[in-house]
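With these hints in hand, go ahead and build the complete structure from the sequences.
Residue numbers (the working numbering), protein chains in the order written: chain C, -14 to 654; chain D, -14 to 654; chain S, -14 to 654.
It is worth saying that the hints were derived from the structure and are not from the lab.
Keep in mind the model is a prediction, meaning the values are calculated, not measured.
Among the hints, erroneous ones may be present.
Since the list can't tell identical chains apart, any single copy or any two copies may satisfy a pair.
Here are the simulated SDA-like cross-link-like pairs (lysine to any residue), alpha carbons at most 20 Å apart as the crow flies [said to hold, decoys possible]:
1) K64 - E187
2) K563 - V553
3) K239 - D460
4) K308 - W261
5) K563 - A483
6) K64 - D556
7) K269 - F554
8) K64 - A158
9) K402 - C130
10) K269 - D556
11) K239 - S458
12) K269 - A118
13) K64 - F175
14) K15 - G331
15) K269 - N513
16) K269 - P516
17) K269 - K447
18) K64 - H176
19) K150 - G616
20) K291 - D390
21) K150 - V538
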Amino acid sequence: MRLGVCYYPEHWPEAMWKEDAARMRALGIKQVRIAEFAWSRIEPSPGEFDWGWLDRAIDTLGAEGLEVVMCTPTATPPKWLIDRHPDILPVGADGRTRAFGSRRHYDFSSPSYFEASKAICEAVASRYGRHPAVAYWQTDNEYGCHQTVVSYSAAALTRFREWLKERYGNIDALNRAWGTVFWSMEYRGFHEIDAPIGTVTEAHPSHRLDYRRFASDEVARYNRMQTDIIRKHSPGRPIAHNFMQLFTEFDHYKVADDLDVASWDSYPLGALEEQWYEPEVKAKYLRTGHPDFASFNHDLYRGMSKLPFWVMEQQPGPVNWAKWNPAPLPGMVRLWSWEAFAHGAGCVSYFRWRQAPFAQEQMHAGLNTPDNRLDIGGSEAERVAQELRALADAGADADVDGRVDTPVALVFDYEAKWLFEVQPQGVDFHYPRFAVEYYSALRALGFDVDIVPPHASLDGYKLIVVPPLPIVSDDLVRKLSNTRAHIVVGPRTGSKTADLQIPANLPPGPLASLMPMRVWRVESMRPNVNPRVTFSGSVPQGYARHWRDLLDVGTGSGSHESMQIRAVFADGHPAYVKYGAVHYLSSLFDEASTQALFARIAAEAGLAPAPLGDTVRTSRRGGLTWVFNYGSRAHSLPADIPGDAFVIGSHDVEPQGVAAYRTSSKKTP
Amino acid sequence: MRLGVCYYPEHWPEAMWKEDAARMRALGIKQVRIAEFAWSRIEPSPGEFDWGWLDRAIDTLGAEGLEVVMCTPTATPPKWLIDRHPDILPVGADGRTRAFGSRRHYDFSSPSYFEASKAICEAVASRYGRHPAVAYWQTDNEYGCHQTVVSYSAAALTRFREWLKERYGNIDALNRAWGTVFWSMEYRGFHEIDAPIGTVTEAHPSHRLDYRRFASDEVARYNRMQTDIIRKHSPGRPIAHNFMQLFTEFDHYKVADDLDVASWDSYPLGALEEQWYEPEVKAKYLRTGHPDFASFNHDLYRGMSKLPFWVMEQQPGPVNWAKWNPAPLPGMVRLWSWEAFAHGAGCVSYFRWRQAPFAQEQMHAGLNTPDNRLDIGGSEAERVAQELRALADAGADADVDGRVDTPVALVFDYEAKWLFEVQPQGVDFHYPRFAVEYYSALRALGFDVDIVPPHASLDGYKLIVVPPLPIVSDDLVRKLSNTRAHIVVGPRTGSKTADLQIPANLPPGPLASLMPMRVWRVESMRPNVNPRVTFSGSVPQGYARHWRDLLDVGTGSGSHESMQIRAVFADGHPAYVKYGAVHYLSSLFDEASTQALFARIAAEAGLAPAPLGDTVRTSRRGGLTWVFNYGSRAHSLPADIPGDAFVIGSHDVEPQGVAAYRTSSKKTP
Amino acid sequence: MRLGVCYYPEHWPEAMWKEDAARMRALGIKQVRIAEFAWSRIEPSPGEFDWGWLDRAIDTLGAEGLEVVMCTPTATPPKWLIDRHPDILPVGADGRTRAFGSRRHYDFSSPSYFEASKAICEAVASRYGRHPAVAYWQTDNEYGCHQTVVSYSAAALTRFREWLKERYGNIDALNRAWGTVFWSMEYRGFHEIDAPIGTVTEAHPSHRLDYRRFASDEVARYNRMQTDIIRKHSPGRPIAHNFMQLFTEFDHYKVADDLDVASWDSYPLGALEEQWYEPEVKAKYLRTGHPDFASFNHDLYRGMSKLPFWVMEQQPGPVNWAKWNPAPLPGMVRLWSWEAFAHGAGCVSYFRWRQAPFAQEQMHAGLNTPDNRLDIGGSEAERVAQELRALADAGADADVDGRVDTPVALVFDYEAKWLFEVQPQGVDFHYPRFAVEYYSALRALGFDVDIVPPHASLDGYKLIVVPPLPIVSDDLVRKLSNTRAHIVVGPRTGSKTADLQIPANLPPGPLASLMPMRVWRVESMRPNVNPRVTFSGSVPQGYARHWRDLLDVGTGSGSHESMQIRAVFADGHPAYVKYGAVHYLSSLFDEASTQALFARIAAEAGLAPAPLGDTVRTSRRGGLTWVFNYGSRAHSLPADIPGDAFVIGSHDVEPQGVAAYRTSSKKTP
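This is how it looks when you write it as structure tokens:
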């Protein structure tokens, strides 16, 4: 566990570098990420490299014992390169070519850019691959930021056609898979296929989904080109990429396959404002962020990282890019930092060392203000560093660096997001909302959660939660059939084949082998329609939102005698049914109901829910338990925790406070 | 009266066809529409026709005694045709050419497409024109769906200039008619005129209106080309087109002039969600549709159809294309079917036989689910078929097939819609809202209504209702002068000349000869401004919405002694005036007030209002009276209806229920 | 003080002109603006001029003793000119070239249009420059209307690069000033720089601000070309331009530098609907306009006009161009007219003489209806004319024509508007809202206000109010340092350097010399977050909106002993601080709080607030005091005003009424 920072020597007079490095070390910073936007300084004109300044910057950092995370600068191709190869620029769904002047202005399918990227990666990696101060690498920066994955350029179309040919082999297979007969959309060859945009009404959904899959694959291909080059020149140095929180245009799992470290950029306040939350929720968590958003991402990236995941960029104060940009409450930068560690992070790296006084992000706070005074985020980072040292001194280091071990898995899938964007059926059907609300219910019950892809092993879990997963593979069916865990399945699961068709046996398709039923009809619901739901057992009456699967559970024949209808809508349709250990939710319920029914299911799965309310969260890693208080009132921990068990804080956890204590039985060595 | 269905043999294995046809017949289906999207199967490559499958499909249906509605497949030109003639594609107001990949991707003005359409129509009509199973024809599919009437292509511009030359003769006449002097917009020749888009601020309104008229005329011209070809090859078979509900981009009356059957596609739930209703109204009628929307369309298309109108596509369950897509309540598919018959329909044809598991409409229900089980809509269709047979057995057939005979006419005009779109003056001035709210008031009072164009004969009506009709022809003035009916006129009527100028005598222009007054000023009003209105007589105080005409009714001179001011705004301006039998409404009142004043006017016209509330509706056709219950409570009919008069249902009409009883005095033989 | 009207002889039969002119004179009209849209009639074909009609029109007006305001017709280049030089058309941020067909369809940077404009200005000015009836000139019409200042044409880019070269000298200076190093956006030459649009995410803010500055300068350059030509041909005739109310795309001060008369077009109802006000405010002032909107503009243009400013176009009734277009209450046209005079206007000119029955503005009222009867606005104009005559008869003329003399200045800056649009940091941060709310508070306290640019002299004021002014010049700092006035400074003042960077000492940058503090952090706030603010003194508790500057006022060191914290947020941060005579507001408070604290500050500045409530306003000019009643209840003036002091009205000012009385001590001779 260590702290890092993002630093831009090229933005500051060289005279400041030495003191910056010394202050970083003094603050407790261990690693420094650099150069991800520095292409125009590294190669100011075509083929003319200026390594001097970068050599000196790295040496300066290294001299203070700081470990450098070296970046490839491909997120910002310079103007001269664009002018030489205008085909680098991506093309929007509006048919307009994007312009130079900000960042990420490149098309993943551009052959010119692929070659130019290779060249600059070779140059940087060969120069610094074995530099003693360079300990890690980062490829590019925030793939997918600013909706830059899907491009509609000629280059993309060419590669899409190849991708289709690869997938389907021949055009008849594609026509069958898509069902192009529907509106005389049949193709006579792959060359006839265009990008699925600009149509009079909705373009073909299978066409659209394949375009999204293709675009995602292009990112993975591009990243792999970079990791191959880096590994060649810099053996043994772990390679990371910094993913953005729920920027789901590409499959993060696939990119992570080629990395050593899955890192992510955590901006809890910006995310709250820009995500799907209602205005009242945005006001409630205005200066803390939602208690389950950062941790959702921690648990997601932990799962896809070979080494402990990192927070590559941690919000240190107000940002500049959300619709509104409030300041975090005092204590939150510390809380967020510890929360990341508690969820398994290996490093929390703040963005950025010092607020830049110019350009697009001049209103984005840093650890230091532009006049080079330590900002409040900087002070809190310093406190975290001190606490880390104290932990080490107290011998709790090993505990802390332990594993996160949890009996609950939640399946999260990028393709599901694309599919539901292509075919929402109700305009506000938002896949992450389902995943995060299920996650939130689990977290509010005190559980640690692994977030995993459908292809992950599901061994060892007691509870497996599957938010709407339209395409269910045979592999997943097999794993779910073999598990002894309780399984919670959200609506629309198994509702599509891999080709985006309705399964021949209707939804839940292959899952019918686990749960003998049939979704004979569905409906999407406008926000001002929320049907009442009556639950059996101790769950109070609640209501449904967004969606209803209408289930045919064979009540008549008696063949499914073990099918329990555990909740019904007012019109008699089942809202929640249980068959063996499989629980099927036919809608998204209100949050209180969701939590109550997860509590019941968890208990059935042999787990002990410990309800925490909406603003306190707990996490366990190695031999320690952490408590985080997102709320505005102090939270008291049970008196039976021995006072000397605390390594951070105490029984009384103040608002925005953190506590950590040794758990009696260590789970990991 | 018979049932039909829409069927797509090309979407299903040939092995299923025979059983499908047999099941249709067994269910009570009499006619089957096919092939409107089958071009790519009929002509898979340029000039290479594959008739075999279609021959066999028609034969299979014919063998079961089903009557085929054969379609021209022009709504979906195949990819090879687009690639050969890219000028077929329409161009949007954004200047972008629309792409292949869905449907209706053609420009009505494209010469290439006109020729290609001729060729495919010739091919289909000549092959099947005299086929014994082919009983009817449908041209194309849903003209105007997806806003595809108005195109801004070069071809459209060329034809627009010709259209203008035809209309105005010489450029000076156009300059005068439009008033191009206003902002130095004068043209020196027709060649200088462009499409009215892309201007810095609003383009010239007369220019815009003429472009809309032109675009509408292009649809009629295109359709006439098809009907000419079909009539040549298939003499005696009635020709239909399936209009879409209030898709008003073209003049349905003009297209219907070339048809035998005006049919329409009825999607009550999709329409509710997509039309102008407030969110609370959308929630209230979520699973029934608005009680007056389908019937408004029935009454509209009845009037323009030479043979009894049809519902060519009847919603059978949830659809896929509205923002949200709820399921109809059980009983609604039956109710909608009977409602269509009660309003004079000759056929109700369900869309579609079986839900397709692929492509854009895979989430659109059919009579059967994709796994080929009868869906609830199918069961209800079956019940309607049984009831139709029972009716025939009971000898009520002739009653039922009788005429709809009504003393009330409501004038509905497509050009009015375009004009108010071009010049709304208040951003939410929505012409159909006025027409439908007037209609709704009349229906809530128990009246049957004919919806007619301004050029219709108005003979025989006792009450004529004219929602805002900006351009009033001399012909209409003459007819209104000669009628003995009471006439209700909405605001903005007579407010424009045919050239979209203000009449020299100010509004109501030529109507001033019926009603001596002058609209000296108007104002549009934001939604949160609703001036109070005080009515004379028994009409309670209400409020105005959207608009006020300020009337100069010459109160001073005493020359208009018979002018009654029957309602005033709080600031003293007249809100509703009566002169002789002409009633002028200067605003749109709240719905309760509108209903109350229509009740008063109807009584003055010698009619007997029978208030029904908001969720029960009645209709009369031939010797029968129908009752439809859209509400959630049972509705009891008067005890003085003899029990044996009922041919469907009884005195107690359940929610979503239907009753029909013989009326003592038959109106038609 | 005189009345005028806008007249379009080319829109009406020549036979009407004589009577029109006679009726104008009879009504009391003194000046008539003509010909600003008449290019196609003056030059119907290239180089072929038709002067006859215009000669006769001017002669007809002159014969009635009316003074003509002659216009250059450049706001509406005719079609033949556009067809010859398509590069005249501007290009939108969407990359699309705007089309002919409305008005203002030209690019200020187009060399073709610059030359064509020169030619038509030469032609018109040389023909009428010395015509005895031509007393004044107007250049073009409403620069900036319909967002026509900023164009993205190739011509604009060429000139932008030149403009940049002029500003920065060399590319290194630009790179430094902008901070292009940030995302490798460095340029190697001016030729590499594009327009700041179409980027993947936000374009560089300094780049964007410079583009806005450039576009504004182009307007001034274009206007100067016209004034140079007019002055050459028409010596001694004052030149005006008619600015549009808060159309802030260009710097009105700079254009006014080349004019004699700054006039503006006053549409209080249209403005209310189209500006930022909340729906409830729009409903409240629906038919009066906001009491402080027209006067804000009067006070703004008064300051930049060498001769007394004019209202060139006064709304006479409903307009056509707002989202909704209500009618003014009876009396408002008179009230608006007197309000203009009270604020220093030399002329109020109504738009237009008669409502045109055709083209885009056919729904825009005039003094006469299209059927040529005097409309209510016309009657009210007639009454104003009579009152003006009575005033002259009563010898109050000299009083009235006196100066407006006020001890309060409010600084308003166009560049600030652009900068906050480029970098709002909170999506609804709206600079004019701050300026107008501060102004409104001052007006509600009974003060007359000068609205001045930052470069104005600030001598003689007792109170200087500076709404958010991001770039503070050394000149302004000097003036504020030297004044004895109290100074009120809004948030974000001094927050940027001229290059749009954060000042090295943090905000308030150079103002720190007046007010020793440091804005160490800021936050923008969503509309549903309004932190409580507790004020010291008699100001009741209120709340903050939109923004918070977090201030470091050095409370610890004691070095700023005279820094008073006069309001705090609930979290302890200062909300309002005072240092000497400088008052710094760190947020925008609710309107009641703003008014209360301005009352307190004004008293400290030696002024006597006279609270008027929200719907009564007073103004002083020369020896007279006016009272305007925007409300719905009569307003009684103090009994100690002698009855014989009234020159208009009396002690009881009816709703929409006006009163004016001689003030005991005249301020100007």
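Going down the list of hints, with the structure as the test:
Proximity of K64 and E187 under a CA criterion of 20 Å is satisfied inter-copy only: 16 Å between copies versus 37 Å inside one chain copy. For the homomeric pair K563 and V553, the shortest alpha-carbon distance inside one copy (12 Å) is at most 20 Å, but the shortest distance between copies (56 Å) is not. In the homo-oligomer, the alpha carbons of K239 and D460 lie at most 20 Å apart inside one protomer (17 Å), although the nearest pairing across protomers, at 59 Å, exceeds that limit. Proximity of K308 to W261 under the C-alpha cut-off of 20 Å is found in both arrangements, the shortest distances being 13 Å within a copy and 18 Å between copies.
Taking the shortest Cα distances, K563 and A483 never come within 20 Å of each other, neither inside one copy (26 Å) nor across copies (67 Å). Proximity of K64 and D556 under a CA criterion of 20 Å is satisfied in neither setting, with 63 Å inside one chain copy and 46 Å between copies. Taking the shortest alpha-carbon separations for K269 and F554, only the inter-copy value of 18 Å comes in at or below 20 Å, while the best intra-copy value is 31 Å. Only between protomers do K64 and A158 lie at most 20 Å apart by alpha-carbon distance; the minimum there is 17 Å, versus 43 Å within a single protomer.
In this assembly of identical chains, K402 and C130 lie within 20 Å of each other by CA distance solely inside one copy; the values are 16 Å within and 29 Å between copies. In this homomeric assembly, K269 and D556 come within 20 Å of each other (Cα to Cα) only across copies, at 16 Å, whereas the closest approach inside a single copy is 35 Å. Taking the shortest alpha-carbon separations for K239 and S458, only the intra-copy value of 17 Å comes in at or below 20 Å, while the best inter-copy value is 54 Å. In this homomeric assembly, K269 and A118 never come within 20 Å of each other (Cα to Cα): the closest approach is 44 Å inside a single copy and 67 Å across copies.
Taking the shortest Cα distances, K64 and F175 sit within 20 Å of each other only across copies (12 Å), while inside one copy they are farther apart (35 Å). For the identical chains of this complex, K15 and G331 are intra-copy neighbours only, at 12 Å inside a copy versus 71 Å across copies, given an alpha-carbon limit of 20 Å. For the identical chains of this complex, K269 and N513 are inter-copy neighbours only, at 10 Å across copies versus 22 Å inside a copy, given an alpha-carbon limit of 20 Å. For a Cα distance limit of 20 Å, the shortest separation of K269 from P516 across copies, 13 Å, qualifies, whereas the shortest one inside one copy, 26 Å, does not.
Proximity of K269 and K447 under a CA criterion of 20 Å is satisfied in neither setting, with 33 Å inside one chain copy and 43 Å between copies. Taking the closest pair of Cα atoms, K64 and H176 come within 20 Å of each other only across two copies (11 Å); inside a single copy the shortest separation is 33 Å, beyond that limit. Within a single copy, K150 and G616 get their C-alpha atoms no closer than 54 Å, and across copies no closer than 54 Å, so neither meets the 20 Å cut-off. With identical chains, the CA atoms of K291 and D390 are at most 20 Å apart within one copy only, with a shortest distance of 15 Å there and 75 Å across copies.
In this assembly of identical chains, the alpha carbons of K150 and V538 never lie at most 20 Å apart, being 41 Å within a copy and 67 Å across copies at closest.
Consistency note: the structure conflicts with the earlier hints numbered 5, 6, 12, 17, 19, 21.
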